[in-house]
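Those protein sequence lines, which keep their order, are chains A and B.
Start counting the first sequence at 1; every next residue gets the next number (our numbering).
Start counting the second sequence at 1001; every next residue gets the next number (our numbering).
Hints in this document: simulated from the structure, not taken from any laboratory.
Here the structure is a predicted model, which is why all the values come from computation and not from measurement.
Some hints here could point you the wrong way.
Calculated cross-link-like contacts (lysine-lysine; reagent style DSS-like; alpha-carbon spacing at most 30 Å) [stated by the list, open to error]:
id	chain 1	residue 1	chain 2	residue 2
1	A	Lys55	A	Lys189
2	A	Lys119	A	Lys65
3	A	Lys65	A	Lys221
4	B	Lys1047	A	Lys55
5	A	Lys221	A	Lys189
6	A	Lys189	A	Lys6
7	B	Lys1084	A	Lys55
8	A	Lys6	A	Lys221
9	A	Lys65	B	Lys1084
Covered, in the sense of this in silico footprint (three residues per stretch, anywhere, with C-beta under 8 Å from a C-beta of chain B), are these stretches of chain A [stated by the list, open to error]:
id	region
10	65-77
11	88-101
Don't be surprised by glycine CBs; every beta carbon is placed ideally from N, CA and C.
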Amino acid sequence: MTTAEKNLIEFRGVSWNANGAAEAAIINDVSLEVPRGSTVVLLGRSGSGKTTLLKLINGMHWPSKGDVLVDGRATREWDAIRLRRGIGYVIQEAGLFPHFTVAENVALVPVLENWPREKIAARVKEMLQLVGLEPGEFAGRRPRELSGGQRQRVGVARALAADPPILLMDEPFGALDPVTRAELQREFKALARRLGKTIVLVTHDLREALLLASHIILLEKGRVAASAGPEDFLRLQHPEVLAFAASLDVTGGAA
Amino acid sequence: MTGAWSFMAEHQSEILGATLEHVELVLIAMAAAILIGVPLGMLIVRKAKLRALALGIAGIFQTIPSLALFGFLIPIPFIGGIGKRTAIVALTLYALLPILRNTYVGLTEIDPAVLESAEAMGMTQTQILFRVRFPLGLAVILAGVRTATIITIGVATIAAAIGAGGLGTFIFRGVALVNDSLLLAGAIPAALLAILADFLLGRLERRLRVT
Chain A
1 MTTAEKNLIE FRGVSWNANG AAEAAIINDV SLEVPRGSTV VLLGRSGSGK
51 TTLLKLINGM HWPSKGDVLV DGRATREWDA IRLRRGIGYV IQEAGLFPHF
101 TVAENVALVP VLENWPREKI AARVKEMLQL VGLEPGEFAG RRPRELSGGQ
151 RQRVGVARAL AADPPILLMD EPFGALDPVT RAELQREFKA LARRLGKTIV
201 LVTHDLREAL LLASHIILLE KGRVAASAGP EDFLRLQHPE VLAFAASLDV
251 TGGAA
Chain B
1001 MTGAWSFMAE HQSEILGATL EHVELVLIAM AAAILIGVPL GMLIVRKAKL
1051 RALALGIAGI FQTIPSLALF GFLIPIPFIG GIGKRTAIVA LTLYALLPIL
1101 RNTYVGLTEI DPAVLESAEA MGMTQTQILF RVRFPLGLAV ILAGVRTATI
1151 ITIGVATIAA AIGAGGLGTF IFRGVALVND SLLLAGAIPA ALLAILADFL
1201 LGRLERRLRV T
């Protein structure tokens, strides 16, 4: 098996600097692999560069050194629009279009891809059911008429609508209350397993990483600090891993 | 005041004629300003150099006292001279800044998360402009049209100074003859027009606002 068959996404010695965008983190010589069908979680503090890595995958950023390969081809060789239409994208607060109904939001990429009307309607219905929203009740609503959790479900439905092989998620559950978050995380885990998508998820929540990941990559100041499966991750002795592990400790280390 | 009312009642048809003339000047100038300002505003969203230039020039026109702007245009060939055409050009230049500025602001002050997901979903910049920025910015653009309309209704009274007619005719005559009735016969309808335009456009604006 070649690496392109095994890995749907691959970073090879990727560096990135902001060119004026002073607030964006700088990426330094990052190499990593995302095998097909896996869920890789990029874990790190704010400013560690995890969102930047995500944007390097769908051509929102281009590497200043090295290559990001998607399906065996460097992103700079892709047509950016084609690349992005094959990659679902979910962000915190969902980023739904407020002037579109729920159905129109979900239909976005199929409409851009000129699918026939009946096929789009059927797909929207299927997607809403998939994320647990009754189409009859929700299809005609506007995003402002939804709760935060419902908006995030629509965000997932929109990202999956054109059946992209890759799903990128940037703190998708970050803005939700803890109960709704846990609910969505559980459902999403089951969904991810069922759909067989290749998922890259960004979070600063170790609990979420342990729950969802098939592989965790810990970032620190734009570099890969540690990398392990969820079952081994907490055994690593790297100081940044220990710092994150301490965040799980509800006693605050008082014992 | 009673003198003014009886004067207006006696000269109904003349006042109505001048009001229609006034509305005509305002409508033509506003149509021209919208046809120039809105597309230009869309163009400068992505072109920083042109943006500074366009907003700067439109800003300069606003700083020229309106009577002087009418005067400056008279000697210019083709667009100048005495009459309606010159007045319409001046009114258009005056209305341009609020429309241009609000178009730019309306199209750019969009929730960054919405623009980020639009881009990440693979929309082209043209698709983002027409399907996301424009519908979401429409209420702000319309607020600019409203401001410009109210300004234009007021400034159009000065157009009478260069022979363009309109309600200013009564005002200038009233000032020259020190006759309050004449002055009010121009000023009251102009004020009512402005209030009406403000009300109607304000309603439309609220209806187009997306929350």
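Consistency of the hints with the structure:
This hinted pair checks out: A:Lys55 and A:Lys189 have alpha carbons roughly 23 Å apart, not beyond 30 Å. A C-alpha spacing of about 42 Å is found between A:Lys119 and A:Lys65, which places the hinted pair above 30 Å, so the restraint is violated. Simply put, A:Lys65 and A:Lys221 have alpha-carbon atoms about 17 Å apart, close enough for the 30 Å limit, and the pair holds. The hinted pair formed by B:Lys1047 and A:Lys55 meets the criterion: a straight-line CA distance of about 24 Å does not exceed 30 Å.
For the proposed pair A:Lys221 and A:Lys189, the alpha carbon gap of about 29 Å is at most 30 Å, so the pair holds. Our distance criterion of 30 Å between C-alpha atoms is met by A:Lys189 and A:Lys6, whose separation comes to about 22 Å. Distance hint between B:Lys1084 and A:Lys55 is unfulfilled; the C-alpha atoms sit about 56 Å from each other, more than 30 Å. Among the hinted pairs, A:Lys6 with A:Lys221 is consistent with the structure: their alpha-carbon atoms are about 28 Å apart, no more than 30 Å.
Proposed proximity of A:Lys65 and B:Lys1084 is contradicted: the alpha carbons are some 63 Å apart, above 30 Å. Requiring three or more residues with a Cβ within less than 8 Å of a Cβ of chain B, the coverage given for the region 65-77 of chain A is violated, as only 0 such residues are present. As drawn, the region 88-101 of chain A meets chain B at 10 residues by the rule of a beta-carbon pair under 8 Å; at three or more, the given contact holds.
Comparing the model with each numbered hint stated earlier shows that hints 2, 7, 9, 10 do not hold.
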